[in-house]
Amino acid sequence: MKVSFNWLKELVEFKISAEELAEGLTMSGLEVGRIERVDSDTIFEIEVTANRPDCLSILGIAQEVAAITKGKYKRPHFKIILPDTKSVKKRMPQQYITIEDKKDCLFYRACLIENVKVGPSPDWLRDRLQSLGVHCVNNIVDITNYCLLEYGQPLHAFDYDKIDSRIIVRRANRGEKIVTIDSDEHQLDENILVISDKNQPIAIAGIMGGKDSQVTFQTKNILLESAYFDPILIRRASRQLGLNTESSYRFERGVDLERVKVAQDKAVFMICELAKGNVVDIKECGQQIKAKAKKIILDCRKVNRILSLNLSRQKINKILDSLGFKCRKRKSYALEVEVPVLRRDVLIEEDLIEEIARIYGYENIPSTIAAVRSNFILNKRSEQIKPIIEQCLQGLGYYRSVTYSLISQDLLRVCLMKTDPVKLMNPLTNEQQILRPTLACSLINTIVYNLRHNNNDVQLFEISHIFSLQDGEVPCLGMIATGNILNNWQIKKEFDFFVLKADVITLCQRLGIEDLEFSPSENDLFKPTESADIKFKANLIGRIGKIKEEIISNFDIKSNPSVFYAEIFLDKCSPYINLDRKFRPLSPFPSISRDISIIVKQSVRYSDIVVVIKEIAKDLLRNLKLVDIYKGKQIPEGSKSMTLSLEYGLDDRTLTDIEIAEIQNKIITALTEKLEVKIR
Amino acid sequence: MSISYKDIEENAQRELKETNSIQELEILRVKYLGRKGIIAQEISKIPTLAFSERSIAGQQLNELKRKLNDLIEARRPLLIEKTPQQKHSRIDITLPGVERPLGSQHPIINTMNQICGIFVSLGFQLYEGPEVETEYHNFQALNIALEHPSRDAFDTFYLAQESRYNIFNDKLENNSHINISNKLLLRSHTSPGQIRVMQQIQPPVAAVVPGRVYRPDATDASHSCMFHQVEGFLVDSDIRFSDLKGILESFAKQMFGPQIKMRFRPHYFPFTEPSAEVDISCIICGSAKTDKTPDKPCSVCKGKGWLEILGCGMIHPNVFKNVGYDHKKYTGFAFGMGVERIAMLKHGIDDIRIFFENDLKFLKQF
Chain A
1 MKVSFNWLKE LVEFKISAEE LAEGLTMSGL EVGRIERVDS DTIFEIEVTA
51 NRPDCLSILG IAQEVAAITK GKYKRPHFKI ILPDTKSVKK RMPQQYITIE
101 DKKDCLFYRA CLIENVKVGP SPDWLRDRLQ SLGVHCVNNI VDITNYCLLE
151 YGQPLHAFDY DKIDSRIIVR RANRGEKIVT IDSDEHQLDE NILVISDKNQ
201 PIAIAGIMGG KDSQVTFQTK NILLESAYFD PILIRRASRQ LGLNTESSYR
251 FERGVDLERV KVAQDKAVFM ICELAKGNVV DIKECGQQIK AKAKKIILDC
301 RKVNRILSLN LSRQKINKIL DSLGFKCRKR KSYALEVEVP VLRRDVLIEE
351 DLIEEIARIY GYENIPSTIA AVRSNFILNK RSEQIKPIIE QCLQGLGYYR
401 SVTYSLISQD LLRVCLMKTD PVKLMNPLTN EQQILRPTLA CSLINTIVYN
451 LRHNNNDVQL FEISHIFSLQ DGEVPCLGMI ATGNILNNWQ IKKEFDFFVL
501 KADVITLCQR LGIEDLEFSP SENDLFKPTE SADIKFKANL IGRIGKIKEE
551 IISNFDIKSN PSVFYAEIFL DKCSPYINLD RKFRPLSPFP SISRDISIIV
601 KQSVRYSDIV VVIKEIAKDL LRNLKLVDIY KGKQIPEGSK SMTLSLEYGL
651 DDRTLTDIEI AEIQNKIITA LTEKLEVKIR
Chain B
1 MSISYKDIEE NAQRELKETN SIQELEILRV KYLGRKGIIA QEISKIPTLA
51 FSERSIAGQQ LNELKRKLND LIEARRPLLI EKTPQQKHSR IDITLPGVER
101 PLGSQHPIIN TMNQICGIFV SLGFQLYEGP EVETEYHNFQ ALNIALEHPS
151 RDAFDTFYLA QESRYNIFND KLENNSHINI SNKLLLRSHT SPGQIRVMQQ
201 IQPPVAAVVP GRVYRPDATD ASHSCMFHQV EGFLVDSDIR FSDLKGILES
251 FAKQMFGPQI KMRFRPHYFP FTEPSAEVDI SCIICGSAKT DKTPDKPCSV
301 CKGKGWLEIL GCGMIHPNVF KNVGYDHKKY TGFAFGMGVE RIAMLKHGID
351 DIRIFFENDL KFLKQF
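Residue numbers (this note's numbering), protein chains in the order written: chain A, 1 to 680; chain B, 1 to 366.
Hints may be right or wrong, so weigh each one.
As the list claims (entries may be wrong) - List of simulated lysine-lysine pairs, DSSO-like, C-alpha gap at most 30 Å:
#1 295(A) / 70(A)
#2 6(B) / 45(B)
#3 331(A) / 321(B)
#4 501(A) / 302(B)
#5 321(B) / 294(A)
#6 326(A) / 321(B)
#7 9(A) / 302(B)
#8 295(A) / 328(B)
#9 321(B) / 380(A)
#10 386(A) / 328(B)
#11 103(A) / 294(A)
#12 328(B) / 326(A)
#13 329(A) / 329(B)
#14 418(A) / 183(B)
#15 15(A) / 31(B)
#16 582(A) / 537(A)
#17 423(A) / 501(A)
#18 318(A) / 6(B)
#19 618(A) / 546(A)
#20 328(B) / 294(A)
Rather than coming from a laboratory, the hints here were simulated on the basis of the structure.
Between the sequences and the hints, there should be enough to build the whole structure, so can you do that?
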């Protein structure tokens, strides 16, 4: 809200400069965002918090200024002009105003002013309004705007002769329309409160007047409206219509019932002075509930304890007094505080403590360090392991990425996802309307983004929640890679399924999950021949594979790169996480390595061979490594050659050559018998 | 007899001068000093000599052996420098290193971890709540009235199929208070985490809640529909506003450096009373309104000298009532900060969107 420094000076006696006052306002809760010089005045742009509708007026700000500067607050005085009953020609008829539902409009007051001379406002009024960013229209409208700025009470002036017979405060009927003074047409419905005459809406209540009934230079008689409209109703209507005005801004924060009258009286006074009108009638409708001043008992010891201060009761009394609170002594340490009716934000003792703190100055409150104590908070296992995952994957060359949890339906479609996703009721754009069911879509999208930006070798991971209707929200790890894992003048190695597989295994080992199983799987995401479920003890904990070429080609990129993706469902694997490490003594007896080279049919899987070997070698086998795999010359069609390195050893003695030869022979025999293996 | 030893010495010396490489020197050494070398052969002949000559021959041969050894070793360093192959076999150390890939942490996560780490070191515990929340946790429990302008700052995404969404999935959470009819939404701040912890644990309690939050803000350089926050709070029997100041000052000094200045401005949040916004002295221009340069104001703080970094306050008694804490017995403070803003300030980033693009050229800088 814009506030004039000169105007404040008229209302409060103080000596400090505009800059000093701005600083003081900021440090007491009315943040001055910008200071601007306009002619001889200084204009503050003040951010008023939602709890202080009383400060949406110069008088409200003046009260604050008085408290900050300890200056005297001079309430403006003016003559209340009552209807001139003698020279009356016109009057509002009986029952002129009707409020259909008192909940929508607590109080409505209309004032009929005759024979106004509509014209331009005097310079001082124009200057003041213009410096505060208000567009000048004519003296009547300018006066209503001036009183709005002064009291925070929106007023509206109708051309009385354009109103047909009566004023009804009612909900609009569906299908009704109104053209507002900004010449926009609005479709109305029963959620919107309107001011209507006998036939049609003439204003959207509390938001904007209608064009037909607006005051023009031809207007002779005016009806000046001042009312209290229900804040929630105005707020909803303003949002529904997308119409935010100075008026709606104040009504939705709640105007002050006292000021409904006072502000109107001031406007009437000004209209009589500046537009030479005669007040002929005032009509009130609705109950004017006399606001009762709230009383709060304030324990001064509590003030000093919470703020770590040592303020006397007199000092506290003085601060509250400067803000317009009335205090009476209670016991030796307490005050009974009467809250000004305008201060509807002050309800409890803590609210008063804030008042004292902010006027005394937050900067004058000391800093202390409390002992930080806490009972144990159980955090989810999947959250505890994040640092381990982060460290491990960064070491393996993956960059942490952060992508939006909200994705488009289109991205799901492009990624061939056929799930029924969790949708937003009120998305802002189509780009962000779905809570992602997997990290895959976003990560594929990110890979594509990088490829388009000439980053061809990319390894990324993300840890985030994924969402489904059935399982709700679960934490997930996604890893994705494309291009080369190594690309330098010595080695060039492309990323492939097996690199990603090894990274998954390494990561799980870090988490204490050994012996993962990879079983063939088929799904929409992966190329069927390069796809696997990741299981631990027969429980599905993730999946891995090469992204279908079809998906990649759905994105408009020139090349068709191989992209590999793995995801681990962190909640599914968290029961198996074991971060305790028990030391196993190192064997003093050396291992002995032997190679076995075999030719085996193409259909035989590596894991089949491992099973046979482990069955025979049992505890003697310390380690088993695939050294080489070869297809081509010297190897029959449909077969492959494999070289395995077996490491034997015992913890209590050294194995003899004879023992090892015996085991090797047994293994070879078993492989020959069970898998029709030939030894090379 | 001694003459024949002289010959050996002279021959050896002559041949030594002719050696041009370490290899040749080695051959020479073996020829004379090897196990079957000339000296060894002569020594083996000693028993065949007359008894009187044996000890002299032994002495002379030992002397000769030592002398030749010294000469050979003296020549060795000269040959090392001379050997031309040696120069060739030195690697070109200016060739590029052979890189192995090393990933990095995302600057947002990094900043978030850094913030949490400071509070954890002060004794706060980590907790992470769900992103899909009930309207109750996100608003009512925090004393935010549903139809009040104070909610303007908390515009919210709601879920479309809330009756079908399984919010009870999380068995760790105490969901007993969730009313089935409660609307589901994407949390618009991390403060519901405060409610969840307080519903589970009686004071004293101190926690930080990091995580993603969502607001329907149109995306531009400083707005994103998704961003990160860290919420923190402490509740105990005698927690004061001054403790809030002290702990946040300690945080700011650790986060931004010991020279940082801090100021608390009164503000309004429905869930705290008294409430404050906290500014730090501008970390770019460093001036906290001391030197004004109106012609060239700092682009980050706009010449104000201060940067707003967080909101905080003493937890409102209504919040305590909502979670079943005795508000007469306990007091506490809470604070919340936006991670992106702090990361942008720390790294000098001026567009929030770059965080979510994940361009490798960006990620590699951190």
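Problem - 30 Å limit on alpha-carbon distance, applied to hinted pair residue 6(B) and residue 45(B) - result: 16 Å, holds
Handout entry: Pairwise hint evaluation, residue 294(A) against residue 328(B), where the allowed Cα distance is 30 Å at most
Key = 21 Å, holds
Problem - Pair hint residue 295(A) and residue 70(A), alpha-carbon separation not exceeding 30 Å - result: At roughly 24 Å apart (the allowed maximum being 30 Å), residue 70(A) and residue 295(A) satisfy the hint.
Handout entry: residue 321(B) paired with residue 294(A) [C-alpha distance capped at 30 Å]
Key = 22 Å, holds
Problem - Given pair status - residue 537(A), residue 582(A), alpha carbons within 30 Å - result: Answer holds: residue 582(A) to residue 537(A) is near 21 Å, not above 30 Å.
Handout entry: Pairwise hint evaluation, residue 302(B) against residue 501(A), where the allowed Cα distance is 30 Å at most
Key = Answer violated: residue 501(A) to residue 302(B) is near 51 Å, above 30 Å.
Problem - Proposed proximity, residue 326(A) with residue 328(B) (alpha carbon, max 30 Å) - result: Distance ~25 Å between residue 328(B) and residue 326(A) Cα, so the pair holds.
Problem - Pairwise hint evaluation, residue 6(B) against residue 318(A), where the allowed Cα distance is 30 Å at most - result: This hinted pair is violated, its Cα atoms lying about 119 Å apart.
Handout entry: Pair hint residue 103(A) and residue 294(A), alpha-carbon separation not exceeding 30 Å
Key = 22 Å, holds
Exercise for the section: Below or equal to 30 Å on CA atoms is what counts here, so check residue 9(A) against residue 302(B). Expected result: The hint holds at about 28 Å.
Practice task
Measure nothing beyond the straight line between the CA atoms of residue 418(A) and residue 183(B); if it is 30 Å or shorter, mark the hint as holding.
Solution key: Between residue 418(A) and residue 183(B) the Cα gap is close to 26 Å, so the pair holds against 30 Å.
Handout entry: Pair hint residue 326(A) and residue 321(B), alpha-carbon separation not exceeding 30 Å
Key = 29 Å, holds
Figure legend: structure checked against the earlier numbered hints; hints not met, in rising order: 4, 10, 15, 17, 18, 19.
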